[in-house]
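There are 2 protein chains.
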Amino acid sequence: MSSTRAPIIVLIAPQMGENIGMCARAMANMGLSELRIVAPRDGWPNERAVAASSGAHAILEAAKLYDTLESAVADAHVVYATTAREHRMAKPVVGPQEAMEQSRRRIGAGQSVAILFGRERIGLLNDEVSLASAILTIPVSQDFPSLNLAQAVLLIGYDWLRSGGDEGELIGFVTDLGSPPAKRAELFAFFSHLEGELDRSGFLDTTDKREAMVRNLRNIFHRTEMTEQDVRTLHGIVRSLSRGRGGNSG
Amino acid sequence: MSSTRAPIIVLIAPQMGENIGMCARAMANMGLSELRIVAPRDGWPNERAVAASSGAHAILEAAKLYDTLESAVADAHVVYATTAREHRMAKPVVGPQEAMEQSRRRIGAGQSVAILFGRERIGLLNDEVSLASAILTIPVSQDFPSLNLAQAVLLIGYDWLRSGGDEGELIGFVTDLGSPPAKRAELFAFFSHLEGELDRSGFLDTTDKREAMVRNLRNIFHRTEMTEQDVRTLHGIVRSLSRGRGGNSG
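Sequence lines, in order, name chains A and B.
With the numbering used here, the residue at position 221 of the first sequence is 223, and numbering never jumps.
With the numbering used here, the residue at position 47 of the second sequence is 49, and numbering never jumps.
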């Protein structure tokens, strides 16, 4: 059994070294590291793969070469065949998100998962698909469905990465605003400062409309998640603009 | 207001025609169609872009060329800046899934959404990020985070495509603010008015600190979902407070 803690990427008979290199780069982007290559057209190792990998050399150096698909996936517990077409086979068809969530569970249980990618243009042959446990189809626009090899690896890798909860973590640091959030009292003090100056400058009507104007004005700032620093800045602005007009806050 | 029913992809100063072409292909894969290009290094149109687009010619032919980022996003209501780094700005940071779900709600409510992508290697400059409503960060492996332009477009487009799964349910809970949401051009005009007065009043240092002060200031307003009425009100405030100090806007 493989000790890999992420899915194994298996490229079947890839033609261009560049594509193998770009697949390695996409794998590295998404935290995948184990690459297996079955019968590459131009042999192995391949200089063009190295040049196109943008520095993902470790993956290429560790890549394993196989003569047949059967031997490349012999130790896998689950094999997904990435296809654009349905192949009309009595086999489950899953999307990348579902497949990667399944994979994470399987790998967590000590199993090994392989994902097959076919040769450029032609893709996987029916015989090859028949060796997979399930078909993995990437959702794309029906008007323009053609993805290259590295793009397909990238998108599936993306769902692998996210199945680990990474986007969730990312969203967690959304509102580090660099300064503590302003308390309401600080906001109210700013309102009072601003409205005082606007009364003096004649901006706020003293008629019935004043109340509605003040409400709208306050709402602009209520809707913002303001920090203490922001409130200090706004005070500074009002003070600076009012200076010379004889405002009280100059 | 743009009638686009999907986010607009905005490439800032792209260098290689090949990358523009591959972006167009990635857009087509994911059902995106509106491309805007700001100051491409090698001019426009570009034969290499066409060659690299794998047939996504319609997107390149319809692409619009701009001199400045400001003009390219003038009609957008929401602008996401795609960055790998945090830029240490007081601006929300969202992942692609959340950003595309937000975008689908905004677009469903008749708004227009733009997504900025920076030049190769260097990415977006701080000044460019300062014009965006939020920072969009793609989750990638921390050990190998570098994505090329087309890969970044592809991954965000992928989440756009998938966010369409439950479109019907998502549309409709955008807050009714009682006035149409402000377009970026309206916000930019307000920035220019406010910053002009603050220069005259001496609030903004003319030293190194000016740039950072301006960025922080803009971010206070970027974080608010402002309406056209709000922007008019803020103009009125700045005009009124500056009056008598000999400001130009009195």
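Calculated from the structure, these hints are not laboratory results.
Among the clues, some could well be false.
Identical chains share a label here; the pair holds if one copy fits it or two copies do between them.
What the hints assert, rightly or not - Listed next, the in silico DSBU-like pairs over lysine-lysine satisfying Cα-Cα at most 35 Å (straight line):
#1 Lys185 <-> Lys66
#2 Lys93 <-> Lys211
#3 Lys185 <-> Lys93
#4 Lys66 <-> Lys93
#5 Lys185 <-> Lys211
Taking the hints in turn, this is what the structure says about them:
Proximity of lysine 185 and lysine 66 under a CA criterion of 35 Å is satisfied intra-copy only: 19 Å inside one chain copy versus 45 Å between copies. In this assembly of identical chains, lysine 93 and lysine 211 lie within 35 Å of each other by CA distance both inside one copy and across copies; the values are 19 Å within and 34 Å between. In this assembly of identical chains, the alpha carbons of lysine 185 and lysine 93 lie at most 35 Å apart whether taken from the same copy (18 Å) or from different copies (19 Å). For the homomeric pair lysine 66 and lysine 93, the shortest alpha-carbon distance inside one copy (28 Å) is at most 35 Å, but the shortest distance between copies (45 Å) is not.
For the homomeric pair lysine 185 and lysine 211, the shortest alpha-carbon distances inside one copy (28 Å) and between copies (27 Å) are both at most 35 Å.
The structure is consistent with each of the numbered hints, conforming to all of them.
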